[in-house]
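Novice: Residue numbers (the working numbering), protein chains in the order written: chain R, 1 to 257; chain B, 1 to 309.
Check before you lean on any hint, since a few could be wrong.
Claimed, not checked - Covered stretches of chain R, going by a simulated chain B footprint (3 or more residues, C-beta under 8 Å):
#1 92-100
#2 105-119
#3 172-184
Worth flagging that the hints you see were computed from the coordinates, not collected in a lab. Ideal Cβ placement from N, Cα and C applies to all residues, glycine included.
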Amino acid sequence: MRFDGMFAIAGREFRSLFASPLAWALLAVTQFLLAWRFLQLVDEFQLYLEPLLVQVNSPLGVTDLVVARFLGDPTLLMLLLLVLGVLAMRLITEERRSGTLQLLFSSPITATEIVLGKYLGALGFVAVLLSLWVLMPLSLMLGTSLDLARLAAAAVGLGLMAAALLAAATYISCLTVQPGVAAVGTFGIGLLFMLFHYGAGATADNSAVFEYLSSLSHYDNLLTGSVQSSSLAYFALLIIGFLAFAVRRLDALRVQS
Amino acid sequence: MTGEILLKAQGLERDYGDRKALRGVSLELARGEVLGLLGPNGAGKTTTLSILSGTLPPTAGSVRLNGADLLDGGRAAKRDLGYLPELPPVYPEMRVSAYLRYCARLRGMERALIPAAVDEAMRRCGLTEVGSRLIGKLSKGFQQRVGIAQAIVHRPALVILDEPTVGLDPLQIRAVRALIAELRQEHGVIISSHILPEIQSLCDRVIILYQGNAVYSGYLNELNAVADVQEFMVSFAQPPAIERLQTLAGVEQAEALDSRRLRLLLSDQAAAERVLQLAVREGWGLREWVPVQQSLEQLFVALTHGEAA
Chain R
1 MRFDGMFAIA
11 GREFRSLFAS
21 PLAWALLAVT
31 QFLLAWRFLQ
41 LVDEFQLYLE
51 PLLVQVNSPL
61 GVTDLVVARF
71 LGDPTLLMLL
81 LLVLGVLAMR
91 LITEERRSGT
101 LQLLFSSPIT
111 ATEIVLGKYL
121 GALGFVAVLL
131 SLWVLMPLSL
141 MLGTSLDLAR
151 LAAAAVGLGL
161 MAAALLAAAT
171 YISCLTVQPG
181 VAAVGTFGIG
191 LLFMLFHYGA
201 GATADNSAVF
211 EYLSSLSHYD
221 NLLTGSVQSS
231 SLAYFALLII
241 GFLAFAVRRL
251 DALRVQS
Chain B
1 MTGEILLKAQ
11 GLERDYGDRK
21 ALRGVSLELA
31 RGEVLGLLGP
41 NGAGKTTTLS
51 ILSGTLPPTA
61 GSVRLNGADL
71 LDGGRAAKRD
81 LGYLPELPPV
91 YPEMRVSAYL
101 RYCARLRGME
111 RALIPAAVDE
121 AMRRCGLTEV
131 GSRLIGKLSK
141 GFQQRVGIAQ
151 AIVHRPALVI
161 LDEPTVGLDP
171 LQIRAVRALI
181 AELRQEHGVI
191 ISSHILPEIQ
201 SLCDRVIILY
211 QGNAVYSGYL
221 NELNAVADVQ
231 EFMVSFAQPP
241 AIERLQTLAG
251 VEQAEALDSR
261 RLRLLLSDQA
271 AAERVLQLAV
281 REGWGLREWV
291 PVQQSLEQLF
301 VALTHGEAA
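If we strip away everything but chain R, and leave its shape as in the complex, we get (with noise of 0.2 Å):
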């Protein structure tokens, strides 16, 4: 079968991160943070903001106080981050450090393959980290109705958004054996991305470019439920660039090694 070696490689990826305590750290640690977190959020809205709404009868709702809150709040961004950079140290920068990259690059697979099934993968994993946070503001239907539609569009924006800076991850992971650097690498780059929004304004006639590259501008569009092909186009380009940078670079590596 044409792809069997990129899904065996995206099968492996995907089981071997669940062999090691890594992920199980990293799905345990940034969930209870988030918990923490939520359940913050949660009080908040019942004791301040519910009693506030109800007195100037506003549209508002826990889909925009809590939800919406919750799912842009920097400590969910920056264990995101954190999540891709741990994930950075491993794709193909582990491979090349244990030595098991020339069993990639001696097998009939191509280097697009192998940064596709590695991608993929691990794309797995993080699918299942964000469903886990994701069931946190689900949960709230047990005692409240939710805007589904918005949750939807809030979830699907951080799907594509951990999506695109994991693309940016398996990159970085490319260039360097030493998972710090790539850690680290991954880091800055998703951070700058999402930083892009905060520079907007100081000047202003390159501010709708700052606007468009930043990766945040586009989650809170999404977060407020409006779903612009703009914000898709983005999220898809950023993916498609990243991934064919790492095919390129793999392919140099394979000539340099």
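Starting from the known structure of chain R, arrange chain B on it as the hints suggest.
Specialist: Coordinates of chain B only, in the frame set by chain R:
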């Protein structure tokens, strides 16, 4: 030996920046043949094997496996190839059988054939007992065997093993040698080593690399003739006078190692026969006659006409 050419490499060159690691190495391998690459560390053995296994493109030259170009049409050609790099490419967190299934899939084997192929590779490499253990928990010798198993699991026509016995204990070395002897029944095998006796015990043909050049290429039994020195360690019950030995035709050097043992350097096989006949006739009482294996160093000196020294 069937004589059918399996692998043909021509004019392989490889530069790392300014350094030339390989300077035009050519070789051929027939099915059922074991070819040894011999050379000191840094001679270009690993570079050659990396090129032959398609993991490293050569700066110049071509490699054809089963008639297909390894560099252009890599996909088809690589299915027929199994490669054990210097470091076995294993994942410590995987179980042996799962790892071998993964390798078979990577090599494009049909799903239905994989379980039987994995069982067979484990049996041949003596891994059946440890099939469900984590590779990281195995001893170095077993990890090396897992490395060999991944190179043969998809039943490739060509198996390339880079220093397969490095770091193993003597028992494990014997097991690996027996395995390689078994592999030659169906596969063409290329192994590299810097240990001469190892190559001598396994290979039909040998290529000696030195500073990126193939300084010798031929059948092993011709090797001693090329090196043209025969050294023996002998001991007699009644040793003759050293001077008497030194005057014999064909004896280039004779010296006493201790009261009983002598070191003889002979020019050819005929000289050895003359010494032995004389020993019988004059009743020296031969106790030991041990050919001293050519050390790699001596061989290089002989082959590079002293340049290597």
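Novice: If a hint holds in the structure, say so; if it doesn't, say that too.
Specialist: Tested hints:
With a threshold of 8 Å between beta carbons, the proposed coverage of the segment 92-100 of chain R by chain B holds, since 3 of its residues qualify and at least three are required. For the segment 105-119 of chain R, the stated coverage by chain B holds: 6 residues have a C-beta nearer than 8 Å to a C-beta of that chain, and at least 3 were required. Counting residues of the segment 172-184 of chain R whose CB lies closer than 8 Å to any CB of chain B gives 0, so the stated coverage by that chain is violated, three being the minimum.
In the structure shown, a violation is registered for the earlier hint numbered 3 alone.
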